[in-house]
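Those protein sequences? They're chains A and E, same order as listed. Reminder that position 142 of the first sequence reads as 142 in the UniProt record's numbering, one-by-one numbering, no gaps. Reminder that position 161 of the second sequence reads as 161 in the UniProt record's numbering, one-by-one numbering, no gaps.
These are computed hints drawn from the structure, not numbers from a lab. Honestly, I wouldn't trust all of these hints.
Identical chains blur together in the list; that is why a pair holds if it fits in one copy or across any two.
To be verified - Below 27 Å or equal to it, Euclidean Cα-Cα: the simulated DSSO-like pairs (lysine-lysine) are:
| hint | residue 1 | residue 2 |
| --- | --- | --- |
| 1 | K199 | K2 |
| 2 | K316 | K17 |
| 3 | K26 | K139 |
| 4 | K26 | K283 |
| 5 | K26 | K330 |
| 6 | K227 | K91 |
| 7 | K316 | K44 |
| 8 | K139 | K17 |
| 9 | K45 | K227 |
| 10 | K17 | K283 |
| 11 | K227 | K44 |
| 12 | K44 | K199 |
Number of protein chains: 2
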Amino acid sequence: MKKIINQTDDIVIQMGKGMALAHPDKIEFEEKYKIFKRKTINPKKVALISGGGSGHEPAHAGYVGTGMLDAAVAGDVFASPSSVQVYHAIKQVTGEAGCLLIVKNYSGDCMNFDTAAEMAEEDDLKVLSVYVNDDVAVKDSLYTIGRRGVAGTVLVEKIAGAAAERGDSLENVQLLAQKTIEQVKSIGVALTSCTVPAKGTPTFDLGSDEIEFGVGIHGEPGIERRKSMTSHALAVEMLDLLIGELGLTDEDEIVVMVNGLGGTPLQELYVFNHDVRAILSSKNIHVYDTLVGNYMTAIDMAGLSLTVLKLTDELKALYDAPADTIAYHK
Amino acid sequence: MKKIINQTDDIVIQMGKGMALAHPDKIEFEEKYKIFKRKTINPKKVALISGGGSGHEPAHAGYVGTGMLDAAVAGDVFASPSSVQVYHAIKQVTGEAGCLLIVKNYSGDCMNFDTAAEMAEEDDLKVLSVYVNDDVAVKDSLYTIGRRGVAGTVLVEKIAGAAAERGDSLENVQLLAQKTIEQVKSIGVALTSCTVPAKGTPTFDLGSDEIEFGVGIHGEPGIERRKSMTSHALAVEMLDLLIGELGLTDEDEIVVMVNGLGGTPLQELYVFNHDVRAILSSKNIHVYDTLVGNYMTAIDMAGLSLTVLKLTDELKALYDAPADTIAYHK
């Protein structure tokens, strides 16, 4: 394993401090509980908290800021933050308007965020949660009951964040987050494995002409091992799945996110976006906006995921609202 | 070679179209001459053009927009655009205020941009050029006489772009770009080679415990092959070189850019930034701003470069001016 790190135990703390040092106008990093916090907290609005295992950078610290999250809680690499960490994040950013937890649907995350919510409720804080499950690849897997939460989480954070920023009630922010979750689907593909620093070797092996279709963001197995294929062939198969799941027709308007998994050149993401657009255009599905980049990664994995959000007028207004975070500008 | 592409011959065109489809509010892509052009051209201000071989995305198309470039010309992967391509870019964006070419110092780029400038001058257009040579690793190399131009180019584009936007004359924009070039230095390190699509195999081989110290953005050899080292040890050596070159003292204020080379997880870039800051802090060198991300890549190379810009009051005012492009927001 070659990585630009010091001791593997220190990665999350050093990364967190390095991030706060780079963006002092946007975030603070609290080392004790590994909490990334918005520079200025507005106690009158609903607070939004997400988080999860590290290794998915810029998620979620990169989405802390105006129009998105108030705090992100970081676990160790690919491990959920503890309930105590999440509890302290809730305590630090939640005012009388309450707090919404945006949880990716992994068993460990669900358990720890739920326990933290119960702890905070005993302090008379109002806490609600949503569970993002946008990955259409598998139902139930190594770390999940039900579907996994992946890059679509960023769009849930965007839309719920806009609702919170305009002053919606906690119940309404939760409702809009839930509506977004129902309209957002993703599918990923890996060309290489990731290497978890503490392990030091690749999580799985892929032959020189193989890809993992439907891979998860921790290197979990996907739908099947396949022979390498062209960008266009990949786009056809991935879009087929997403269009089917969302029941998209030529009357629909969507947001497309082409997400690099950490080791993928931007060049390939844009080539793939070209193929995605050609296929969508042939089906008369209108693309309202496109995001291309590394939004939710799997450390150094080569590969990408494709996310489609089906818009309604209600969601579109929130999608269009300003956001100013390290990794998302609108 | 596993890449998400179609035919290798089509990569630049498909990437360009995919990029314009993703960011229709910011850029247009002209397929014939592979020119990325600002959506709205202001004929009264000095036009700024950069470009070079593809494979360094988001450079340079990602820096076309308000406060930075008016056009970026794309060659094939790691090959200079032709003089005809550059000439057409000049023709398309240059008004009576003239045009500044920001050229990375590679023999092919210099030759073709210079020829294009001569062709445009025959059409009575005013064209000046600057040549960026921020890479302190080597003097003269495979593709260069003198030092190579690397990630510091982005900061030259930022500062010259701000000067052009505020209405400076062509001569003044050139002068400010030149002052920036004199104050910006970079050094890179590779953990893996890149793979040029048309070749299909890695450009060079590195052992499992080796790094290439001083690597160029095309995989050119650097200062020497070394044993892997910690992030902190790397930061010490890289900063030593840059501080020495710039003659930095505890009275200086700098911009730091930690640039991923394409295959490097953001996690590592932030860990490295943490080490950089600890060292700078011990030397009382003040960091005015930090950029962390993939700004000037070498396709899929794992590794990073470190760039330091020594600020003056004059440059700082321009650095602070707004910029709104695909890959740079200020």
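The hints, checked one at a time:
| no. | hint | verdict |
| --- | --- | --- |
| 1 | K199 - K2 | both (12 Å within a copy, 24 Å between copies) |
| 2 | K316 - K17 | between (35 Å within a copy, 25 Å between copies) |
| 3 | K26 - K139 | neither (37 Å within a copy, 39 Å between copies) |
| 4 | K26 - K283 | between (41 Å within a copy, 25 Å between copies) |
| 5 | K26 - K330 | both (15 Å within a copy, 13 Å between copies) |
| 6 | K227 - K91 | neither (49 Å within a copy, 46 Å between copies) |
| 7 | K316 - K44 | within (24 Å within a copy, 37 Å between copies) |
| 8 | K139 - K17 | neither (36 Å within a copy, 35 Å between copies) |
| 9 | K45 - K227 | neither (50 Å within a copy, 52 Å between copies) |
| 10 | K17 - K283 | between (47 Å within a copy, 19 Å between copies) |
| 11 | K227 - K44 | neither (53 Å within a copy, 54 Å between copies) |
| 12 | K44 - K199 | neither (44 Å within a copy, 58 Å between copies) |
When each numbered hint is compared with the structure, violations occur for hints 3, 6, 8, 9, 11 and 12.
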